[in-house]
Structure formats: structure tokens, C-alpha cells
Amino acid sequence: MLELLEALLFSTLDAAPALIFAALGGVLSERAGVVNVGVEGQMRAGAFCAAVAALFMPTPLGVVLGMLAGAGLAAIHGYLSIRWRSDQVVSGMAINLVALAGGTFLLESLYSPNGTPAIEQLPRWTLPLIHGVPLLGALSEHSGMTYLALVLPFVFHAVLTHTPIGLRLRAVGEKPHAVATLGLSVQGLRWGAVLGGGLLAGLGGAVLSTAVLDRFEQHTPAGLGFMALAAMVFGRWTPLGAFGAASFFAFGNALRIGLASSAPGILEFIPQGFLLALPYLLTLILLAVQGQRSSAPAALGTPYEQESR
Amino acid sequence: MGERWRAAVPSILSVALALVVCWIAIALTRDTEVASNAYLQMLYGGIGQWPRYLDGGDLAVIVRPLGEAASKAALLILTGLSVAVAFKAGLFNIGAQGQMVVGALAAAVVGAQLSAHALLHLPLALLAAAVAGALWALIAAALKLWRGVHEVISTIMLNWVAVTLVDNWLVVGPLRPTVTGGHSVSGTAEIFPTAHLPRLLGDISRMNLGFPMALAVAAFVWAWLIRTRRGFETRAAGLGPEAARAAGIPVKQRMAEAMGLAGALAGLAGAVLVLGTEFRYPGVLGAPYGFDGIAISLIGNNNPLGVTITALFFGALRAGGTRMQLLGVHKSFPELIQGLALLFVAGRLVWLALLRRRRTQPASAEVPRA
Amino acid sequence: MSLEIRAGELLALVGENGAGKSSLMNVLYGLYHPDEGDILLDGQPVRFKSPRDAIARGIGMVHQHFMLVPTLTVAENVVLGREPTRWGRLDLERACAEVTATCQRFGFQLDPRARVDTLTVGSQQKVEIVKALHRGAKVLILDEPTAVLTPQEAEDLFRVARGLKEQGHTVVFISHKLREVLSVAERIAVMRRGALVAEVKAAETHVAELANLMVGESRPGQGTVEPYQPPTGEVLLEALALKALGEDGRAVLDGVTLTVHAGEIVGIAGVDGNGQRELAEVITGLRPLAEGQGTLLNRPLSALSPDEARRRGVSHVPEDRLRRAVVKDMSVEENMALGRQGHPPFARGPWLDFAGRRERTQKLLGAYDVRPPDPLLPVQALSGGNQQKVVVARELDSQPKLLVVVQPTRGLDISAVAQVHARLREERARGVGVLLISLDLEEVLTMSDRVYVLFEGKVTGTFTRPEFDEREIGRRMTCAEPAHG
Amino acid sequence: KKEEPPTPTAPAQQPQAEAKPAEPPAPKALKIGLVIDVGGRGDHSFNDAALRGLETWAAGKRYEGGKYAPASAEEVKQSITQDLANLQPPITALNVEPLVIQSKSPEDYEPNLDLLVEQGSDLTIGNGFLLESAVEATAKKQPKAKFLLVDSLILDAENKPYSLPNVRTVTFKENEGSFLVGALAGLVSKTGKVGFVGGMEVPIIKRFEAGYRAGVKTTNAKAAPGLVAVYTGSFDNVAAGKQVAQDLLKKGVDVIFQAAGADGLGVIQAVKEARAAGKQVWVIGVDSDQSHVAPEVVLTSMLKHVDLAIYHACRDLTEGKFAAGDVVLGLKEGGVGYAEVRLDFPGKAEALQKVEALRQRINSGELKVPGTMDEFAAFQATP
Ligand SMILES: Nc1ncnc2c1ncn2[C@@H]1O[C@H](COP(=O)(O)OP(=O)(O)OP(=O)(O)O)[C@@H](O)[C@H]1O
Ligand SMILES: Nc1ncnc2c1ncn2[C@@H]1O[C@H](COP(=O)(O)OP(=O)(O)OP(=O)(O)O)[C@@H](O)[C@H]1O
Ligand SMILES: [Mg+2]
Ligand SMILES: [Mg+2]
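Residue numbers (my numbering), protein chains in the order written: chain A, 1 to 309; chain B, 1 to 370; chain C, 1 to 485; chain D, 1 to 383.
Hints should not be assumed to be uniformly reliable.
Said to hold, decoys possible - For lysine-lysine, the following BS3-like pairs were computed, each having C-alpha atoms within a straight-line distance of at most 27 Å:
#	chain 1	residue 1	chain 2	residue 2
1	B	Lys-252	C	Lys-243
2	B	Lys-252	C	Lys-328
3	D	Lys-368	D	Lys-332
4	C	Lys-201	C	Lys-177
5	D	Lys-160	D	Lys-141
6	D	Lys-190	D	Lys-332
If you're looking for bench data, these hints aren't it; they were derived computationally from the structure. Quick caveat, the model's predicted, so the values are computed rather than measured.
So here's chain A without its partners, still in its complex pose (with noise of 0.2 Å):
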């Protein structure tokens, strides 16, 4: 039993962090004010550089690389939305699918069509007093980015509540003229958050592509970014909530895969197709049964514009 449960906190926490980092993208960037429906498009913008930059100079370096490409979409998305004040979601949509359609031309052009060549993968650390105890043991092995997803999201949090940079992100989410008026730049403030995002997306993306593959797949992300827009707003925009949320995600996905080899007869009683199901239906019925009253922030997906009263 407590094996089950260890393979099944390790699953978990292996596939985790890239849906964590891409949902912290999107509270950071929805925080201030900016819907970012784009997360998925700069996962794959992240996923793919860090695969191609890591053909060529260390893995890290490649992630890093792979980070920047995700904001340099972002980037796109703060020009339209923040600077033209385009509506946010027609742009975070065209960023996906440029970054769908022009990932596959790329990839198609450069290497293979279904991926880049092997790169060498971020190393699996093992960590020396608990591998091998029974549960605990389930923390070890992984590699470097499950353990900064474990810990961003408390950092974040952190840096939320209790810095004034959260202060003024939160502000500028709620009302950013109260903002404007106190002298601090609300573009500034979105701008910073768009790029973050998009470095948290990019992150996400990059682990795809060199933690838990050594390469960039060619379907990369999969949908894993609408999934985690999800674990953003189920997790009602905070940072530990998106955390909670990917997580839970991830776990009901690891129960699935666990429960069909540990225990084949229950696929006797229950089709596959119902535990693939699962972890989405359990979001729905957990949503509806507690309801979802609009945590969102007030002034989410309006444009500022400083002469409107």
C-alpha cells in the first residue's frame, strides 16, 4: 500500500511543475489585469527554444533560453493588449495559434517533424537521507524543476502579500488608476507581469521539453496550458491555489495511470476512458458544488486607458 502510494506521490510530482510554472504564469500575469489566454502558445514557444537551444550549449542555459522565448511572446501579447490596448483575449488566441501552426513549420524546417534531436536532459538529483525511505523516498530522484515548483509557489505567494511589488501588482489588478494616480506606471506594472508570465509559461514549456523529455515533441504542449489557465482560475488566481490546483491535477491523472496497473481488474468495472475522465470530472463536480463566486481581479481584461473616468 505504501508503495502504491509512494509511485503515485512520485508520478505526481514529476509530472507537476510544467503545468505549476505555467499556471503561476497566468496568476502573475492576471493579477495585473492582463488575461493571458496565451499560455499555452508560450509553453511551446518555451518548450521548443529550450530544445533547440540546449542542442547547443548546456541544458540550463537552454531552459533559460527557453524562459525568454515564452516572454519574448508575451511580450507580443504586452504590445497589443498593454501598449495598443487590443483586446487581450483575440490576442493571447492568435499568439497560440501562431505558436502552434509556426512550431510545427519550424521543427518541420529545421529538424524532424516529430521532434528534435535527444538533448541531454536535466539531471535527476537523488537526495541522499530520504531515497529509499518508504513515502518520503517519493521526493527524491527528480529533477531540479520539480523542486523549484515546490517552492516558487510559496515564494510568489510570498512576494504577493508581503512585498511592495505585490502590493502594487494586486493594485494594479484591482484599479490601476488608484495606481496611475499615486505616480507609479500601470503599463510598468503589466508590463512586468506579461513578462514574467511569460517567463513562468516558457518555463513551463522548457521542463516539458528537457525534464521530462530530452526533447521537443512535436504535440508539446498537449493542451497542458488551457489546463493550466484551469488550475489558475480554479485555484482563484493565487498563487498557492494554482499550485494546489496543478497539483491536484497531476495527482488525478498519476491515480489514473496507478489504478490501471495496480489494480487491472478495476478496468473490468470502469472503462479507460472513464479514468482518463476522472480528474476533469471531479474539477466540474467540485466547481459546481462549491460554486465559483468571481474571485477574478476587478479590473481583469480592461485595457487601461488613463482618461477614462
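Here the structure of chain A is known, so what remains is to put chains B, C and D with the ligands in place on it, guided by the hints.
Leaving out everything else, chains B, C and D with the ligands in the frame of chain A:
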């Protein structure tokens, strides 16, 4: 009228710009001749190979491509309208894909499990698809209106649920067709010919009733939205829910109706795919037309007429895009063009301002302060 | 346009709506940028790139619309942008202490830990002032600070202003209430259409002259006081012990009993947030009734829906124009149809009647002098005042029996106000019952035949016209001792 | 970072099909059209096998950035698996010109086949059972064109097989190949736990599973009951395959056979990582020899010689011998098999001997390999 055309200008320019950018991309990776040829091939694939026909070729070189373009356009019209209708009611329907999946399945089941006279069978199958799609969408509407669950998250979830339940359970489980011997088949049982959407141009072209039907549906949606009191109320509910409520409009009901209609439209798209060309629910439902619908709707200004024109254009583009492969040009260009067009639509303020600045030399009218 | 502001004075800025008062002040505050001209501070030309520069030079501003982040606490709002930190961490303790200190220095009483959206409007106003003072403002600009305050609270505010002046601060304030301007300011600047048209000493002028300066012509005759006749018309609305709950579950209406007869204007006086809005919502079916009963146009008041209310003959000019009264992305003619989109001339059966709608809209646009009179323009392209005219036109055009109007003249200039008032009186003469809810006590008193005073969801006084007494009504509006400050 | 300069030969085929393919007097290259399914190029398995058969073997070409370059002899030789090394007659380049179309979605299969026929392809190949209906429809529409359908028979509306005069079908006895790798897995496993990872739970993948289970049962009766078969639910989600495999590995499984398309690459990835972490684990590839994906952990691959089937069809066509009909390729015909076992493990020689003995028994018809789970339930292992 002039006003309406003016509203369409950014979209038209965006699409043109996207075409230019992609042409340059091909020219850079290959050469200019290949790029131009590729576009020519795309044109042939989209609207027919007219030169060859005029040279005394077979009629098939025209009607076959037209049939393909029309089938694609029909799907895009329906999913585009699905997204647009929801937008009009203030809802963002990311769930057209899932609604299309359940609609397609319903059509496949009614088409294969029920036997009836053709005059009855086809309408029944279409109806089943519309109802299934509508019900699926109404789950999201109910969650939104009574539990406050944001429709973006619920429709994303419902997409996953539909795809996994249908593709990984129903199609490979209970609905798997009986197969003699160990043959591999994908998808559900084949539907009866009575449920086929009739072919309009004979056997050489796959042009079927789905296309005129989609056009008729678009006209219906347009009339409903623009001409009827209900449509007016729905638009008011979408643009200003509080004001609409104060004006005595049952906002929740109108939103639910619109979402139901959106689902029905996406479901019909599934039916057109199944009853028009596939004749069964395939192992995995076609290209992600439900997601394409979002782009189509946004490029078409969320307006039934704009959506229809956009869908016709991209239907032809995508049907023709396959022919680009004959030149070794990558298969994802039609999607890339679509994505770029949407990006340019999103960024229209930028280049409109640039254009305006060039026209009126000194003072640019309303460039926002940085 | 040039304006001189002297150190240590109390300057008032008056002018019609849209005269450019706020714009000018926003330029001074660095929020807008002048296309031409300079700002001289202590004789030196300065250029404010953003409010940050203005703040650094000791200019503080309290905006016409509150610039507070509702989900943050008082202290967080005040220190935003100049947060005290300890090792990079936001030091909330110190922030609270600092804010408390500032409050004490200037004689405010505020709980620094309270969330702003739980405060009364008066307190929020104070938070705004503290925000400016906390940044060391020597020049304080107050943009229509008294618009939402009770006379008592306003009096309080002016005491603070005078106190600040004693301490050497400069106070510039903008107001439409000429009497209070005269009583507080030393110097008065009058603006019209973006230009300074006069500067006068308060001691040397009077209301009529100021009004003339503002409008540029003699002010439309202030409705002569009509004799009061007790209501005789049939009872249109009879409410008994109404109770309604707010979003947070607290009772926002608590046993309200009132009647409205045909052919009278009943005013509701009260400070913002004391249940007036909810009262209007209950009567128009927008908010469910928790307890109590009543009849509205001969049928029960409970289980009323907005649609049902309209069918009985209730018209509603809501307070929040852009949110509740118009759909701002729809055209003027579509907005004209809103609420009666199913009836001729706006519809024929299930179909919309475009020709009929156009015709009626054009007629109304003419009658109400909406500018520009273009039925195809989106409503949001109209100025606020013209939007309001569209709403009033629509609501009066639907031949109501009972008219519920909330803040009908907010944002209108003097002549438009007079026009709306005249229309309301016309309706009364036609035998319509009018329930007038306004935060502007002056408006309530000039228009109403009877007045109910609301405080914390309860009726704390009823007056008929002969009994009107501004001070007494003001006291009832803040029934208990003044809440804060 | 440098891209190899494209060799200045073999220009991309022009859409010059406007000129009707009047019977060429000179040895004009025959056009062979191939429609591959949505898995696309570069899947390292099924589609790549088809492309190898057509492009590398039949045409002697290498695909690169949308163009063809001639493939070197070395390249061709390397692409031929050991079991075909001694094929008679040997694989040599033919005078054919490939026309390949990748499909973006299932509803594109039919127009894509139409397009190739219109472009004048002398033989049009539909690769994969997903293209069954499309090939059927096109072949009926174009009775003069010739077709090859790989991996499925032509089925009527009731899914009963029938034949069309212009279609050759090729199907494979995957269960026989799977049986042999299953037998090998049973012999290699140390922990006594072996696993199977499938993609979507469709009948054809079930056939792999049944054969594999039978093989394991034959050589390692103890491992058979506990054999875990998990389906990822997709063919295009590498991460899902990896996660499933990780789970199996955590539970002590040390040999995994995958038949899961792109998800299978994730399975290989997971095993590779487990090996890097010091575990003695193996993975068995599918369709093509997948050893090059991760040489250190791919024990062998269940081969399904789609490449050979296509090559044979091309050769028959050039020799004028192409005939319609249903071809079934099993172990005996060399249509399925397993790739060279390059990794060492204790008792390798003995194990391979045992497996080869089983091959003989199947070839002789003595051993019938179950093809469905029902047949497997009735299967009696006879070591
Ligand atoms: N940046 C701008 N560009 C063009 N017009 C502007 C701009 N800013 C303000 N205006 C217009 O200038 C006029 C002055 O506006 P302002 O808000 O200063 O008026 P106000 O005197 O404060 O009126 P109120 O009493 O209603 O507050 C209005 O007509 C407003 O629409
Ligand atoms: N978005 C817009 N598009 C076009 N014109 C606009 C737009 N917004 C405002 N205007 C025009 O600018 C002018 C000033 O509008 P504004 O709302 O500032 O008026 P205002 O002076 O405040 O008037 P009022 O006192 O009636 O509110 C109006 O004539 C209005 O038609
Ligand atoms: Mg103002
Ligand atoms: Mg105004």
C-alpha cells in the same frame, strides 16, 4: 452599409497581410518561385483547377476541390457561428470542440443504430447531433449561471471529458462495431445510406448538403441575432447584462439559450462531418475545428456574415493547403496563415495607426500616450 | 488658460460640467500632459512627467471619483507607492503606525487595518485626503469632495481644510455647490469651456453672480416654490416594513414603510449607501424582498421581476448609468428600445421594427436636445450628459404610472438639470407618481412634495414641503451622532 | 548549426501532372503516391517504416527539408534490418518517384488519395487501417488506378472483408511477432514482472497484447498472471507514455513492450531514465527497429515490415506484376519478426535459441498464436 464594410476592412487587411508574411516565409525557406507556385496550388485546391479545365480537362478538377473546400467551409461556418453566438451573449465558448464531439457521436449513433426512411433518418440524425451538442453546452451554461463557474474553465474541462469519454470509452467500447475476424477498424459502425447527407455534384465531388445547410443556418443565425426581438435581447444581455436585467430581459435565460444554440451549432458541425464525409464516428474526430471556430469567429468580427465569409475563405485555403505538399511546402501553412491573420486582427490598432499617420502627414489622430 | 494659485490660500474652482476643471487639475497633477504652456512652481517652470513628479513637488490630489483600491486596507492604500519595508519585506506594522500618525496630525479618525470597501463614503474621502497628506502634500487639490457627503460631513471637511490652511497648506477645491464655495473659499476661479473667465474674492460676490459667470448668461429661473397640497391621487406604491438583504447578507433595508401617490414627487434623502439604491431596486424588481409587503400599482410587491414591474407601469432611471441604464456598445436607437423592445413601435410580433424604432428615436432625440442627434452612434460616444438625456427620454416616453428616478441629474450641467427637473414636474402634473432618490439634498428639497429620510436602511424622518428644514433633515440623514471624524 | 547544403540533384517533383501520363516510351520513372496517416513523418515507427520502404528502398532517396536527395548505399544498407539482410532478391533501388502526402485529419484521407491519383500516380498507397474507408471509396471512384492498402482488408458496411479488383491489401500477423518478443521478455525479466503499454484501446493493439501475453506465458509462466497492460489513451502524447511507464517501473516491472505510437517514445524515455538511475530495465520497440532511439535500453523491437510490403508492391509494379488481392504477412513470410538483439544480458545465447525454437514451431504451424484476448484466454502454453 458603408459602415459595415468599414468594420470589415481590418479583417480583410489582416488576412492579406498574413498571406504576404507566409509567402515571404516560404520564399525564405525555399525560393520565390516555389512560394508563388505553392500559392497557385493552394488556389487550385481551393477553388478548382480552372486553367486545366479550360484546356479541356475533366470537370472533376473543378468540382472536386470545390467540394473539399465546401466541406471544410461548412464545418468552419458552424463552429465559427457557435463561438460567435456565445460571444454575442457575453460567453466565451472554448468548448465548441467538445460539443462537436458529442454531436458527431450522436449523429453516428442515430445514423447507424436506427433504420428509417431517408426523409426521416437524416433529419433525425441532424437533430440528435444538435440536441447532444446543445445539452453538452448547457452544462457549462448551467454551471455559469447557477454556480458562478467561469465558462472558460468549464468548457475546457468539458472538452476533455467529451474527448476522453467518447474516444477512449464509447468508441472503443460499447459502440465498437462488430467485426468478423480480427480486422482492425477504427471508429463506430458505418451509418446507413439513408442518413448520408446527399452528394450534390455526383460521386466525383464530396460536396454535400452540409454546405448549403451551413449557409442556411448562418442566415438563420443572422436573422435571429439581428432581426428578432429575442436576438436583440440576447445581444443586450451579452453587452450589458446589468442594463438588460434592469430592462426586464431575462438575462440568464437568454444566455442559456445562446449557449444552447452555440452547442447545437457545434453539434451540427459534428453531424456534417459524420454524415457528410466520414459516415461513422472516426477513431479520433478530425482536425480541431472547434478551436478553429474561435479564430474564425474573431476574424469575422463575431458577426454571422463575417464568420461565413471568413469560413469560406479559410475552408478554401485549408482544402487547398494540402496541394502545397506537392511542392514540398509544409502542411501547416494554412493554419499558420489563420493564426497570423488573427494576430494581425488583434494588432489592427497598430497598423491602422501607422497607415493613418502616413495618410495625414503631421498630426496623428489618436495615438494613445505611452 | 492661466491660473495662479497662491501659497497658503483656499481657492475654489467652479464651472459647468465639462468646463475643464478636472482636466486642469489633472494637468497640474501630472496625470495629463499639456499640449502647450507651462507650469510654474515657485516661479520655476516644471514639467511633470507623471504624478510622481507632482507628488515630489508637494502636490496632492483627491480625485472626483475615488482612486482607492477597494480590496486593500486603509494603510495599504495610503502607503501604496512609498511602502515602508524591512529587508525587502512590506512592513505593515510600520505602515499602520505611520498612517495613524498622519491621521492624528491632521485630526482624522481612521482604522488603518479596515478594508476600504467596508468604509462609508465619508471615510473613504478621508482616506483619500490622508493619502495626499501622507505624501507631504503642501498643495491639496480636492475635486468635488462634497458631492457625496452630508452637510455635517461636508462641514467637517471644511474644518479640516481650514485647519490645513492654518498649517500653511494650500487647498484648491472644486465644487458645484455655490453656497458652500462662498462660505469656505477665499478666492474663486470660474471656468467656462476650458478657459478661465473670472477670478473673484468670495467676500465680494454672491450666488447669482457666480452662476452668471459660470453659464455666461442669466441662470434659468430657479423653480419658484410652489404651494404644498397634500397628496390626493390614488396610492401607487404602498410599502410596509420592507426588508432586503445586501450581497453580504446584512439587511440593507430594514422596515421601510412609505407611500407614493399619483401626482406627487416623493424624495428620498440620505447619504450614499444607506439603502436608497436598494429601495429603488426592490421597487423595480431588481432585488428580491426579504420581508415585508406592499402593493405596487394594485398588485403585491413581493415576487416582482423587472419585467413585471415594467409591465405594471414602472419606469426606472437608475443611478449607475453606464452599467444599468444603457448598453454602452449599442447604438442610441437600440438603447431607446431597451426595456420595450417587444412593443410597437420597436417591434412587430417577434421581429424588430427598424423603421418604427428610427422614427421614434429621432423624435425623442429632437425633443430632448441630445447632441449629436445621430441614432446610429454607440451610446458610449455620447457625453455623459447626453447619455443621461437618452435614458430620461426613454423612461418618460414609455408612459409610466410610477417613475423611480435615482440621481437623475448627476453629471448634467445647469440647463440640462433644469430641463430634467421640468420634465419631472410635467410628469407629476400628468398624474404620475415620482420617487426621486438623490444624494443632492438641494435637489431633493427643491423638487419633492414629501421627503423620506433614509439612514442605515431605516426611515428616520418624513417631511412635507412646509416642514422642510435642511439642518434637521441633515441630522436625520446621519441619525446617530456623526459616524466618524 | 550548419545545415548540410542540399545536394543539387533530384529537384522536387513538379506539379507538372497537367500533362497526362501518356504511356512512356522510355523507362520513365513510375510515380508512387503514398498517403500517411495523422501520425505523420518521423514517428520512428509505422509511418517511418512505410517511408523507408518507398523513399529509401524503392526510390533510393533521402527526404530533407521538403526535397529529395539520393541516399548513399551505406544509408540504405543501414536501414535494412538484420532479418532482411539476406533477402533474395536483395533490396535495390527501382525506377520510381515518390509522392508523399501527410494527412492533417481523418477526413483528409480521401481527398489526399484523390489528389495523388489526379497527379498521375501509378500506384497509390494508403498507409494504415485508418485509411480503409478512404481507399475503398477512392478505388471505387477510380477503377483505373491501382491501390495498395496497408494494414487492413477492404471492409464493407458490415465490416465484412471483400475485395476490389484494383486494390491490393497487406495485413500482418502482429500477434506472431509480439509472441516472440513476449517470449524474450519472459526470459530476460529478473523481477518476474513484465509490462505492456498500449496507445488507445483498439482491436489492433489488443492483438499485440494477446500475442505478447502468450509469449510471456510460454517462457515465464510465473510472470504471466501479473503482467500489467496499461493503455495511455492516445497515440500522440509522449508525456503520457512516459508517465505510464514510470509507474510500471516503480512497481518493479523490468521489461516493457510498447505499442503506443508517439506515446511509445515516452515509454522508451522513461526506461532510459530508469537505466540511468541504475536499474536493470529494458524496453521493446515496435514496428520499426527503434534501437537508435535509445540504444542502451531497447532490447529489441517487434518488427512489422510495412517497408517490405511497400517495397514489394513497388517492385511488382515496375516489373508489371502488380496484382490485386489480399496478402497476409506473418512470421513465416518474413512480414513480422524482431530486430537484432544488440544488448547483452545473462544467458543471452540460450534465450535467443529458445526464441528461435519458438519461431520454428510457429512457422511449422504447430503453435498457433492467439490474436485476441478471448483466444488468449483459451491459450495453453506449451514450453
Ligand atoms: N484628453 C482629452 N481629450 C479631449 N477631451 C478631453 C480630454 N480630457 C477631457 N476632455 C474633455 O474636456 C472637458 C472637460 O472635462 P473635465 O472632466 O475637466 O470637466 P469638469 O469641469 O471637471 O466637469 P465636471 O464638473 O463634470 O467634473 C470634457 O468635455 C471632457 O470630455
Ligand atoms: N468614444 C468617443 N468617440 C467619439 N466621440 C466621443 C467619445 N467620447 C466622447 N466623445 C465626444 O466628446 C465630447 C465630450 O464628451 P464628454 O463626455 O467629455 O462630455 P462632457 O463635457 O463631460 O459633457 P457632459 O457634461 O454632458 O457629460 C462629446 O461631444 C462626445 O460626443
Ligand atoms: Mg470634473
Ligand atoms: Mg461629463
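Verification of the hints:
1. B:Lys-252 / C:Lys-243: 25 Å, holds
2. B:Lys-252 / C:Lys-328: 20 Å, holds
3. D:Lys-368 / D:Lys-332: Distance ~12 Å between Lys-368 of chain D and Lys-332 of chain D Cα, so the pair holds.
4. C:Lys-201 / C:Lys-177: Holds - the C-alpha atoms of Lys-177 of chain C and Lys-201 of chain C are around 16 Å apart, at most 27 Å.
5. D:Lys-160 / D:Lys-141: 20 Å, holds
6. D:Lys-190 / D:Lys-332: 30 Å, violated
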